[in-house]
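> Fit chain B to the given chain A structure using the hints.
Residue numbers (this note's numbering), protein chains in the order written: chain A, 1 to 210; chain B, 1001 to 1210.
It should be emphasised that the hints constitute simulated quantities derived from the structure, not laboratory data.
Note that the coordinates shown come from a computational prediction; the quantities given were computed from them, not determined experimentally.
Be aware that a few hints might be false.
Claimed, not checked - Where chain B lies over chain A, by a calculated footprint (3+ residues, C-beta under 8 angstroms): (1) 15-22; (2) 25-32; (3) 67-81; (4) 88-97; (5) 197-203.
As the list claims (entries may be wrong) - Calculated pairs, SDA-like style, for lysine to any residue (alpha carbon to alpha carbon, straight line, at most 25 angstroms): (6) B:Lys1023 <-> A:Leu182; (7) B:Lys1023 <-> A:Asn155; (8) B:Lys1126 <-> A:Asn155; (9) A:Lys143 <-> A:Ser198; (10) B:Lys1017 <-> B:Gln1051.
Where a beta carbon is used, it is the ideal one built from N, C-alpha and C, also for glycine.
There are 2 protein chains.
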Amino acid sequence: MNGRTKISMAVIRRLPKYHRYLKDLLDRDIKRISSKELSDIIGFTASQIRQDLNNFGGFGQQGYGYNVEELYYEIGKILGLDKTYNTIIVGAGNLGQALANYTNFDKSGFHVKALFDINPKVFGIKIRDIEIKDMDYVGPFIKENDIDIAILCTNKDSAQEVAEILVSNGIKAIWNFAPTDLRVPDDVVVENVHLVESLLTLTYLYRSDE
Amino acid sequence: MNGRTKISMAVIRRLPKYHRYLKDLLDRDIKRISSKELSDIIGFTASQIRQDLNNFGGFGQQGYGYNVEELYYEIGKILGLDKTYNTIIVGAGNLGQALANYTNFDKSGFHVKALFDINPKVFGIKIRDIEIKDMDYVGPFIKENDIDIAILCTNKDSAQEVAEILVSNGIKAIWNFAPTDLRVPDDVVVENVHLVESLLTLTYLYRSDE
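With the rest of the complex left out, here is chain A:
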């Protein structure tokens, strides 16, 4: 745990949002911001913001506010953006290919080294310069290329089996787009993007609003 105290998931989920808003401020050449001003643009209360940032040592100075650039880099560091990550995409269907094409990840330091699939028809196809490879060889590839993160884009029925293959080959972080919850050992972290669940939340709110 790097000597860190346990931070609640609610706080952790707010950090990337702080990071995004601070980038906007930096782009607008704003140097300092008070928790009150930050509150106005980000929508959390000023006391929530101070409390959140205090979890990591507290960056503000009484009467001065936060140094935008410093806070941006420090939160980036907390989020792990002080290093780059090697990733693979497993499942080279539409979503897997779209994510391989999404150059924003590259800019943030996430390098997609290969896609993997079980369909021989797509082996060798390149998305940008990223090749679709045979899933049978995922194990050696993970080891040789020092892969940190696997992006899981298979269908629901294969997802658990594929996750187990990845974990047995040393993967400790899975970004899961398959519409299922994975069972993994405690030392493996999973972050889900359940698109259909998000869409159903929207329809619920839409119908309730009518």
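Only chain B this time, still in chain A's reference frame:
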């Protein structure tokens, strides 16, 4: 509000997950389930489950448990799955095209009627049988095709302007994939899928675990 009492967002966000697990049970031909058994597979506590479902009138019977099929259809109805939705995708880049290709939405009753973009080079291209059209004509298209939901896949810088065009043409529900928070009138609902924020949550957890 359809006479509904206000349900907390935390409960609403759990409903699609219940729906997904109940579908799995139905597929396995399981007819009844107790809140305790549901708790074991879904990971919420049994009392949480009873409390959540009581918000909607309570479906269980003491000593009998829940009727899986009934509960599945009732939750589907609450989520708005008793009707179908016409959608458009705005921004026909990689992500927009991938979502147009994602046939799971169709199966759930979400019909993508068209993609829209501002780049004349892509006008007329079809993804499955869905055409990419000129953004200039989005207004009449929304009206003529009774569009319920807009799926926003533009870049960050265009997102707010595009959202305003959509809203001024009657859109009341936006599924937002652009990495920014939209400002919309109170009667418009927005559900965000912020992919980079999800990825940064994963790297935080991954680094903390080392």
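> How does the coverage statement for the segment 15-22 of chain A fare against chain B, requiring three or more residues with Cβ below 8 angstroms from a Cβ of that chain?
holds (count 5)
> Would the hint linking A:Lys143 and A:Ser198 be met if the CA-CA limit is 25 angstroms?
violated, 34 angstroms
> Test coverage of the segment 197-203 of chain A by chain B using CB-CB distances below 8 angstroms; three residues minimum.
This one holds; 7 residues, not fewer than the three required, reach chain B with a Cβ under 8 angstroms.
> Against chain B, does the segment 67-81 of chain A show at least 3 residues with beta-carbon separation below 8 angstroms?
holds (count 4)
> Below or equal to 25 angstroms on CA atoms is what counts here, so check B:Lys1126 against A:Asn155.
holds, 24 angstroms
> Within the segment 25-32 of chain A, is the number of residues with a Cβ closer than 8 angstroms to a Cβ of chain B three or more?
With 0 residues in contact (Cβ-Cβ under 8 angstroms with chain B), the coverage given for the segment 25-32 of chain A is violated.
> Counting residues of the segment 88-97 of chain A with a beta carbon closer than 8 angstroms to any beta carbon of chain B, are there 3 or more?
holds (count 3)
> When you check the alpha-carbon spacing of B:Lys1023 and A:Leu182, does it fall within 25 angstroms?
holds, 17 angstroms
> Decide if the proposed pair is consistent with the structure: B:Lys1017 and B:Gln1051, CA atoms, cutoff 25 angstroms inclusive.
holds, 15 angstroms
> Would the hint linking B:Lys1023 and A:Asn155 be met if the CA-CA limit is 25 angstroms?
Distance of about 16 angstroms is within 25 angstroms: holds.
Going down the numbered hints, you'll see the structure goes against 2 and 9, while the others check out.
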